[in-house]
Amino acid sequence: MISIRTYKRVESLEEAWQLNQQRSNRIIGGMLWMKMGQGSVQTAIDLSGLSLDRIEEREDGWSIGCMVTLRQLELHEGLNRYTGGALREALRHIVGVQFRNLATVGGSVFGRFGFSDVCTMLLAMDSYVELYRGGVLPMADFLASKYDRDVLVRILVKKTPGKYYYQSVRNSRTDFPVLACAAALLPLEKERGESGGEYRIRLSVGARPAKAMLLEEGGKRFQSLITEEEARDFGAYAAAHIPTEGNLRASASYRTHLTGVLAMRAALKLGGKA
Amino acid sequence: MLINIVLNGKKISSEIAADCLLLDWLRAQGCASVKRGCETSNCGLCTVILEGKPVLSCSVLAARTDGKRVETLEGLQQEAAEFGAFIADQGAEQCGFCNPGFVMNALALFRENPDPNEEEIREYLAGNLCRCSGYEGQLRGILNYLVWKKEKGKKEEAQ
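Chains as they are written, first to last, in the numbering used here: chain A, 4 to 277; chain B, 206 to 364.
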């Protein structure tokens, strides 16, 4: 357990940012992962008084406050309708309901944790991170960036037309994933903005065990109906291009095998015959 | 720092350290039902209901619950006894250490979803570990309790 000298529920983002410039102070999200550390914190900065625990729908997407819990996301009708339940699938295996009522989306994303189902899913979506000073960054850029002392305010998700898929493999229920895989089937727009009947698959793989990354798909294109052979090829391509490593949960070669299987299933689920 | 918490319907003011966890504060108030079964926010034994939602009290700063309502098993005796009898009928538990957290989360489930199916029960209670059993007895107990509750409701309606 970390030790905390003082606790401060801030009244503005500016106050949070100012306090956060001191290295000994830390913003607490849900505090679930942070709590497991051994360090000492001078001031724990709590953003829970800033009404950032809301999901707002706009015409072009959703704005998700950093203090929204994983359980709120899991139960959100609009986001789950949009993702065909993939978002719920990404969240529902994380520890337990009691845990997900505390863990925040801001904490999950800011942590850029390797094991994060949340980051894996958001990376497959047209999502962005809004920072207090740093402005709005695409999720992929944020996940690749180094830790700094900015304040993560919101996650933005755009309503880009597409179909979504999520699957993770776990050694036992509620454990960290051995591998996590999210995918989106996205229609390619031709020059005049019409859909030309061609699609690409945006594949995100997390818990490799390093943090989630997107597959460089190398211009692979699909028709609306994906054949089993195409899906197998896509799986093999993903397995060859997504680096994995071994740790106590699984070896690198097992993870690479899983990458191929989950990528193939994603293609079949998104574009195969029903 | 000074906090005010409504614990099982009673307002309590208390001077606490900034890193006091809700679990330790609750035990200091005499709520011995709230247990620490792991150090990894994983076992569900410390489950309490915070502002109507089940949470892991081992992972919440007491400071964060200032001005909020907290319910523990001590405050839900009648509901817990009714439900607990069905678990006991199955001989579901052996050591019983996980029982208070399990009962709290089950009651939270029934509030959120009064008529859950088997899969919904398994999913909602997945974060409550029991190291003596295989969960089958608990599941039978829950299903029997739900049937009993439904029939009780029907009888009350008929009267």
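Hints listed in this document are in silico derivations from the structure and should not be mistaken for laboratory results.
Every residue gets a Cβ at the ideal spot worked out from N, C-alpha and C, and that includes glycine.
Certain hints may be false.
To be verified - One-sided and incomplete, this derived list gives chain B residues near chain A with beta-carbon spacing under 7 Å:
hint, residue
1, T252
2, S264
3, P319
4, V352
5, K354
What the hints assert, rightly or not - As a list, the in silico DSBU-like pairs of lysine-lysine whose alpha-carbon atoms are at most 30 Å apart:
hint, chain 1, residue 1, chain 2, residue 2
6, B, K240, B, K273
7, A, K38, B, K359
8, A, K11, B, K273
9, A, K272, A, K162
10, B, K215, A, K162
11, B, K215, A, K11
12, A, K11, B, K258
13, B, K359, A, K11
14, A, K38, B, K240
15, A, K11, B, K360
16, B, K216, B, K357
17, B, K240, A, K11
18, A, K38, B, K215
Unchecked claim - Now the in silico label distances, taken between C-beta atoms and shown as ranges:
hint, chain 1, residue 1, chain 2, residue 2, range
19, A, N174, B, A363, 30 to 40 Å
20, B, K354, A, D236, 50 to 60 Å
21, A, R8, B, S338, 25 to 35 Å
22, B, E244, A, R176, 18 to 28 Å
**Report entry** Restraint check for B:K215 with A:K11, where alpha carbons must lie at most 30 Å apart
**Finding:** Roughly 25 Å separates the two Cα atoms, so the pair holds.
Requested in this report: Compare the distance between the alpha carbons of B:K216 and B:K357 with 30 Å, and conclude whether the hinted pair is satisfied.
Outcome: Since the Cα atoms of B:K216 and B:K357 sit roughly 34 Å apart, the hinted pair is violated (cutoff 30 Å).
Requested in this report: Take the C-beta atom of B:K354 and the C-beta atom of A:D236, compute their distance, and say whether it sits inside 50 to 60 Å.
Outcome: At roughly 54 Å between Cβ atoms, A:D236 and B:K354 fall inside 50 to 60 Å, so the hint holds.
Requested in this report: Decide if the proposed pair is consistent with the structure: A:K38 and B:K359, CA atoms, cutoff 30 Å inclusive.
Outcome: With a Cα-Cα distance of about 47 Å, the restraint between A:K38 and B:K359 is violated, given a limit of 30 Å.
Requested in this report: Could you grab the alpha-carbon distance between A:K11 and B:K258 and see if it respects the 30 Å cut-off?
Outcome: Judged against 30 Å, a Cα distance of about 23 Å means the pair holds.
Requested in this report: Sort out whether A:K11 lies within 30 Å of B:K359, counting only the CA atoms.
Outcome: Not OK: B:K359 and A:K11 at ~51 Å, beyond 30 Å, violated.
Query raised in the report: Under the criterion that the straight-line Cα-Cα distance not exceed 30 Å, is the pair B:K240, B:K273 satisfied?
Result: 21 Å, holds
Query raised in the report: Quick one, are A:K11 and B:K273 close enough, alpha carbons at most 30 Å?
Result: 17 Å, holds
**Report entry** Agreement of hint B:V352 with chain A interface, Cβ distance less than 7 Å
**Finding:** 23 Å, violated
Query raised in the report: Has the given pair, A:K11 with B:K360, been kept, meaning a C-alpha gap of at most 30 Å?
Result: 52 Å, violated
Query - Outcome for the supplied range 25 to 35 Å, where the beta carbon pair is A:R8 and B:S338 - result: 42 Å, violated
Query raised in the report: Can we keep the B:K354 interface hint, with Cβ of chain A closer than 7 Å?
Result: Since chain A brings no Cβ nearer than about 20 Å to B:K354, farther than 7 Å, the hint is violated.
The earlier numbered hints that this structure contradicts are 3, 4, 5, 7, 10, 13, 15, 16, 19 and 21.
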